[in-house]
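Note that the protein sequences, when read in sequence, are chains A and B. According to numbering that gives the first Met the number 0, the first sequence is numbered sequentially starting from 0. According to numbering that gives the first Met the number 0, the second sequence is numbered sequentially starting from 0.
Simulated from the structure, these hints should not be mistaken for laboratory data. Keep in mind that this is a model prediction, so the values were computed, not measured. Check before you lean on any hint, since a few could be wrong.
As the list claims (entries may be wrong) - In silico DSBU-like pairs for lysine-lysine, Cα to Cα no more than 35 angstroms straight-line:
hint	chain 1	residue 1	chain 2	residue 2
1	A	Lys87	B	Lys67
2	A	Lys232	B	Lys67
3	A	Lys285	B	Lys132
4	A	Lys232	B	Lys125
5	A	Lys33	B	Lys218
6	B	Lys218	B	Lys125
7	B	Lys227	B	Lys189
8	B	Lys104	A	Lys232
9	B	Lys125	A	Lys33
10	B	Lys67	B	Lys121
11	B	Lys156	B	Lys121
12	B	Lys156	B	Lys113
13	B	Lys189	B	Lys113
14	B	Lys156	A	Lys232
15	B	Lys125	A	Lys285
16	B	Lys104	A	Lys85
17	B	Lys113	A	Lys33
18	A	Lys232	B	Lys227
19	A	Lys33	B	Lys132
20	B	Lys109	A	Lys232
21	B	Lys132	A	Lys87
22	B	Lys125	B	Lys104
23	B	Lys63	A	Lys85
24	B	Lys186	B	Lys109
25	A	Lys33	B	Lys104
26	A	Lys33	B	Lys186
27	B	Lys189	B	Lys132
28	B	Lys63	A	Lys87
29	B	Lys156	A	Lys33
30	B	Lys113	A	Lys232
31	B	Lys113	A	Lys286
32	B	Lys121	A	Lys85
33	B	Lys132	B	Lys121
34	B	Lys218	A	Lys85
35	B	Lys104	B	Lys189
What the hints assert, rightly or not - Computed from the model, here is a short list of chain A residues facing chain B with C-beta under 7 angstroms:
hint	residue
36	Phe176
37	Asp179
38	Leu228
39	Asn231
Cβ coordinates follow ideal geometry from the N, Cα and C atoms, glycine included.
Here is how the chains run, residue by residue.
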Amino acid sequence: MKIINEMNDLFIILTASLVAINASVLGVFLVLRKMSMMGDAISHSVLPGIVVAYYFSGDRTSPLLLLGATITGVLTAVLIDWLSSKAKIQNDASIGITYTLLFALGMIMISGWFSGNVDIDLDCVLYGDIALINLDKVIVDENLYLGPSAFLIELSATVIVLLFVFFGFRGFKLLAFNEDFGLSLGMNMNRWHFVMMGLVSLVTVVSFEVVGAVLVVGFLIIPAATAHLLTNKLIPMIFWACGLGVIAVIIGFYLAVWLNVSYTGAMVTVSGLLFFTVVLVVVLRKKRLSGEYLH
Amino acid sequence: MKKEVSVEVHNLTATYGGRPVLWDIDFSLPAGQIIGIIGPNGSGKTTLLKAIMGILEPSSGYVKVFDKPLDEVRERVAYVPQRESVDWDFPASVFDVVMMGRYRKSNLLKRTNKADVEIVEKSIEKVGLTEFKNRQISQLSGGQQQRVFIARALAQKADIYLMDEPFVGVDAATESSILSILQEMRKEGKTVLIIHHDLQTVSEYFDYLVLLNTRLVAKGTLQEVLTKENLSNAYGGQLTLLAKVVDIIKKTEFPIREKDVDL
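Chain B on its own, in the form it takes in the complex (with noise of 0.2 angstroms):
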């Protein structure tokens, strides 16, 4: 059998203001797993979270999702944006955000229906929100804000989810309700893609890896991936990270070779 394939990205390039933030990126990745978008800062790797979702025009390239252009697969497609890039004082509650996951292009000019209640109230309980429900978005932790946007991806039912920075400023309730939601979205065959930075974790996480600068740096297992060669070549001379290197190698669990370590 065939592995079926999550996310093709051919060619992709994409500038900012002349600059090219992503150069010539080309992979395809596996379906059913936790895939981990990693980096330094500056890499691109939101820029391409965004030039999956269609947020932001390519200069070249394309994208496909599960073999298909976006455009004909959006409803099985869910986007988390970085938790800063909204204003929390917006007037909306717990309720009327995650509800926004049940907006489709064929129901925007209509009002909600009983089964989109149903899917929210089942989607707010799941990050563990039902006592917040009803209460305004600004007067959450971070962590509980953060809890409020996965919800509402929870709640569009798609195949595959797109998140940027879930694990950012959380607090320690949050990070084990995401990840108890990740094992249970493995569990049902669902493909989620991370945006994450910080190096320490990757292990504990995901199943799998891109490394980002720009260019694709490596992509693959997280034995594949995290090599000290790559690392590096991502890095560069970020020389603090590079002695952080072999202790996330370490934690990876397969063995070092002696002069590897010799750094």
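Extracted from the complex, chain A is given alone in its bound form (with noise of 0.2 angstroms):
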């Protein structure tokens, strides 16, 4: 019974880590492009294509699921860069308008038109639970166990992100540091904008079971704009964004343990501690140096 329950733990741990680093790589890149808010509308935003998804599918594990809120969250994309491109509104009001009205859409979904059929409820897409996973096993040959299903759905998100951040790195350094730069040299800037809001569609869908629309938003972030104080390099900004979230996960899943309380919400807590400290000692430290300076 011990060494299940060990396992069990073990998985919550990895799978959350594997959040953790899919969600920080490309909050790296949403962080250098000051567009932090737009991963909190395409986590939102996904509902509607997750429910439409799961009632064609009826499963809750389908790739069409992922598939559909993919398009969904790339569509979100197109449609705040339309409304503050095109028509000319003011960029967080488009993201605002944009990912709120998705999200009712998606709520009149699952309370009405769908209820019955789709077993999907509010709290588990805001909050996910990641105590749940190990309910889900993949088992194969019968006795073979490789893990809760979410944990092998996040192994993949974390390969198809890492390939693509691999091979495009350049291509996302350009969109984040020049895009202008990027389109004098006849590269097309929107496909690799929409390749990144792909990926995080992606990475937010395969993680709302897990730790919820709502919290994964500081798995993007926190970790990514802690590394930006860290370092001034971009490829080391990658790895202590991903180092920093997985910490905070470890931290978080015994200090969530010990104080019997939510795990998601103690690794998110404890990732915002570790940047409250970060800028503490950054503040002093420039603080001290202009004192030298003075003297």
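Put the two chains together into one complex; each comes in its own frame, and the hints tell you how they fit.
What follows is the structure, given as structure tokens:
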């Protein structure tokens, strides 16, 4: 019994660490592009896509679900871009309007149109439940336990994200630093933007069961923002972000066990506290340096 | 021998939010010269450069570079955006940014090779930033940041360079560094288009001028463009500027008749 419990704990930590890695890698680019709220927008607006795909597939782990949600996420990005560039609506207003509208549509679908056929409840979408991932085990050959399905889905997302970032590194870097220069080289920067938004959608969708649509934003943004304070090189920033994300997951997990509170809540809290510690150190050091300057 | 044409702009009109920024611009520019694009604030200088570079879709008209559509000659054209257009807190070193000048559609998914590294290091040396090669770009002065952008354009190994306000807010060292690079480029037969707004220095920097105010006011040699009539057409009611016009014309050192000076 003890071994099973330890195994379950291990998979909770591993799955949450993969969420942290996926989110941090993309979060670095979102933070550098000053598009942090885009993660928030996408994570909420994929809801109607999830509901529709679930309605047709009847299965919460269906690939159709990922596809549907990823498409909704990219559509969100297209709509936000269109509102701010063509209709000249302020960018933050475009984001606020688009994602609340889509999320509200998703709510209507769950509570009205598809109720009875769709077994999704809003609490699950908003908060996820990482403690439940071990209920859905993937076992092959009748006795070989590969891990909870959430872990395996998360792992495939990690492979996809890392491949895209590895091969698309230059494209994403141009997009984040100097989009106009990329255009002047004849690159299709819109395509890079939508590839990135597709990845963000994918990561938020696969994570919503685990950490929920609200706190996934913390996984996206907090480690990346902390890493930005710690280094001024791009590749180290990505590694720092992943490392900080995983550390927050591990500390958060044991804190949650100790205090008997929500796992995800504790993980994001630790992440936020790490951020504020680093901010404090940076501010104090700056003060000391400028103090030395004066003397 | 027919003089080579670097950039041709035909009936170019561009709008922003329904308001024309550029109206029916039509000109062709010579190759191998340092060309200044001047005009008052909001006269569409940056828009013109972006339209030539294909960053911005014009409402009508088209652009040709070396007698070809831009997409066929992209690798012969380098672009230096305004320094303020990017976030210099971005985690990159001088070397990283200059390396972007070696990015091509064909190598975007690849890693850097040795030849690229060599070109990048030479470009950094040309702008005098070798000792800052590994420094993070936020730790540079404004002038040094401008030189990073120039080095990135040099690394593109182009034949024509489009620069948006490279002289804004730079120190004397950077100014003279840019000027000597420009001289060298001219010697090599390269064409440089520079947006500039300081009329006082126009005659020191450029061989050829384009004077813009939504429409094309004038283009040609300094003597042809810097006349009282052209400048007052472009700068309109800006009286303080008009008072300076005489000074500027004097600076270009061609004879001015007494009655012209007597404004």
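Exercise. Decide if the proposed pair is consistent with the structure: B/Lys186 and B/Lys109, CA atoms, cutoff 35 angstroms inclusive.
Key: Roughly 34 angstroms between the alpha carbons, so the hint for B/Lys186 and B/Lys109 holds.
Quiz item: Taking 35 angstroms as the top limit, are the C-alpha atoms of A/Lys285 and B/Lys132 close enough?
Solution: 24 angstroms, holds
Self-check item: Straight-line alpha-carbon gap B/Lys67 to B/Lys121, limit 35 angstroms
Solution: Roughly 30 angstroms separates the two Cα atoms, so the pair holds.
Quiz item: Are the Cα atoms of B/Lys63 and A/Lys87 separated by 35 angstroms or less?
Solution: 30 angstroms, holds
Exercise. Sort out whether B/Lys113 lies within 35 angstroms of B/Lys156, counting only the CA atoms.
Key: 16 angstroms, holds
Practice problem: Sort out whether B/Lys218 lies within 35 angstroms of A/Lys33, counting only the CA atoms. | Solution: 41 angstroms, violated
Quiz item: Is the straight-line distance between the alpha-carbon of B/Lys113 and that of A/Lys286 35 angstroms or less?
Solution: 42 angstroms, violated
Quiz item: Taking 35 angstroms as the top limit, are the C-alpha atoms of B/Lys125 and A/Lys285 close enough?
Solution: 34 angstroms, holds
Quiz item: When you check the alpha-carbon spacing of B/Lys227 and B/Lys189, does it fall within 35 angstroms?
Solution: 31 angstroms, holds
Exercise. Compare the distance between the alpha carbons of B/Lys156 and A/Lys232 with 35 angstroms, and conclude whether the hinted pair is satisfied.
Key: Judged against 35 angstroms, a Cα distance of about 26 angstroms means the pair holds.
Quiz item: Within a Cα-Cα threshold of 35 angstroms, do B/Lys218 and B/Lys125 meet the stated pairing?
Solution: 31 angstroms, holds
Quiz prompt | B/Lys113 paired with A/Lys33 [C-alpha distance capped at 35 angstroms] | solution = 33 angstroms, holds
Checked against the numbered hints listed earlier, the structure breaks hints 2, 5, 18, 21, 26, 31, 32 and 38; every other hint is satisfied.
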